[in-house]
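Number of protein chains: 2
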Amino acid sequence: MRYGVLGTGEVGRTLAGRLVELGHEVTLGSRTRDNPVAAEWATAAAERARAGAFAQAAAAGEVVINAVGGPVALDALRAAGAEHLDGKVLVDVCNPLAFMAGEARLDPVESDSVGERIQRAFPHARVVKTLNTVNCRVMVDPGRVPGAHNVFVSGDDAEAKEQVTGMLGELGWPAQRVVDLGGIRSARAVEMYLPLWLTMFRNSGSPDFNIEVHWAG
Amino acid sequence: MRYGVLGTGEVGRTLAGRLVELGHEVTLGSRTRDNPVAAEWATAAAERARAGAFAQAAAAGEVVINAVGGPVALDALRAAGAEHLDGKVLVDVCNPLAFMAGEARLDPVESDSVGERIQRAFPHARVVKTLNTVNCRVMVDPGRVPGAHNVFVSGDDAEAKEQVTGMLGELGWPAQRVVDLGGIRSARAVEMYLPLWLTMFRNSGSPDFNIEVHWAG
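In order, the protein sequences belong to chains H and W.
Letter 186 of the first sequence, counting from 1, is numbered 185 in numbering that gives the first Met the number 0, and no numbers are missing.
Letter 142 of the second sequence, counting from 1, is numbered 141 in numbering that gives the first Met the number 0, and no numbers are missing.
Keep in mind that the hints are not guaranteed to be accurate.
[To be verified] Distance ranges between label pairs, derived from CB positions:
#, chain 1, residue 1, chain 2, residue 2, range
1, W, E20, H, D74, 26 to 32 Å
2, W, E158, H, E158, 51 to 57 Å
3, H, L197, W, D140, 29 to 35 Å
4, W, T42, H, A97, 25 to 31 Å
5, H, D111, W, E169, 40 to 46 Å
6, H, D179, W, Q175, 47 to 53 Å
7, H, P122, W, A45, 56 to 62 Å
8, W, G216, H, L197, 16 to 22 Å
9, H, E102, W, E20, 22 to 28 Å
10, H, D155, W, G8, 42 to 48 Å
11, H, D74, W, N202, 56 to 62 Å
[Stated by the list, open to error] Chain H stretches covered by chain W per the calculated footprint, using a threshold of three residues with CB under 8 Å from any CB of chain W:
#, segment
12, 76-87
13, 172-186
To be clear, the hints were calculated from the coordinates, so they are not data collected in a lab.
No residue lacks a Cβ here, since even glycine has one placed at the ideal position from N, Cα and C.
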């Protein structure tokens, strides 16, 4: 599979690196065409790894992953270009984490979500929100946390969610651990989980944790 | 122990009923002195069960439990009277669930929480937020959901949290399954978990579930 990964931060590089290891062709996209972090990553990673601007990465990917921060997600996707997203599965792993007056805050929160904003702005992309409830090291290596912990998917396109569930399987998340929350509106629910994640992270000092949902019967 | 439970809804009656079964003296408090639901509950429950107005329940309790809905919590506690709360452990189990234009919404959300509002309004009460992340049947019978799932406590008073952890133990939550999130500010985190809970509830049709936090190493 050819992936375009938007965002050269830790999340983007970690996802892109693991997808290359898994044998995929990955273009890591950044705001500028000559981003040194992306170029260095592409050089170090493998022949299947390339670096480029957002538009090049999105154009190259059969699947596009949004791994930039929530506050800049729409700008990055506009730079990527609707023509490079239309009809494609667009995996959104970001959180709406903004810093206001030195405090971590969610923007948007509750009445909207980044996942929904992306789907509204790119109505022909098939947006699937997932993986934002875990640290990027856990995203690509769920086995580093013990137990049958879960990951969530939200999206309006059932086939797109199925395809993303396949990708999650390659990353180490068996299908039975993927909880389908419903339409893209449910992105609100997983984005609002962030404060609980952040609180547990601050208290424990480690990002290596995740939740398992237990059901009766 | 003598408990005052404020709120005659399902949450209040369920908690009060279980505490009576466990041998405690419980006064179930309602807005009015002659609430028929509370009176019927007290008649049916046991000798240790009484019904009264909010102020009577709060006065009778060594520990007071706020089990009214988030939007009316402060009103109920004002009716209970600061003089009946000062110095006492005040267990807040409510969620900030409001209905606006037919939609479930949180109020407050993110920049504040019901737990914090209560602590600010009653600075001499020792507020502990807990149990709001599970359905009331699970609150008093965690064994109905399989697995070592967790419950959270938030509060500024360490001794009060210890006392509440003891109460949780009686309800079936061993201390090692009680996650201390820190000060009462962390009530925001557990209150914002509600949308994820509601989404999973709607999708599954059952309130009998809960999350377990898995940590690496």
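Status of each hint after checking the structure:
no.	hint	result
1	W:E20 - H:D74: 26 to 32 Å	violated, 58 Å
2	W:E158 - H:E158: 51 to 57 Å	holds, 55 Å
3	H:L197 - W:D140: 29 to 35 Å	holds, 30 Å
4	W:T42 - H:A97: 25 to 31 Å	violated, 54 Å
5	H:D111 - W:E169: 40 to 46 Å	holds, 42 Å
6	H:D179 - W:Q175: 47 to 53 Å	violated, 31 Å
7	H:P122 - W:A45: 56 to 62 Å	holds, 60 Å
8	W:G216 - H:L197: 16 to 22 Å	holds, 20 Å
9	H:E102 - W:E20: 22 to 28 Å	violated, 44 Å
10	H:D155 - W:G8: 42 to 48 Å	violated, 35 Å
11	H:D74 - W:N202: 56 to 62 Å	violated, 32 Å
12	76-87	violated (count 0)
13	172-186	holds (count 5)
In terms of the numbered hints stated before, the structure departs from hints 1, 4, 6, 9, 10, 11, 12, listed from lowest to highest.
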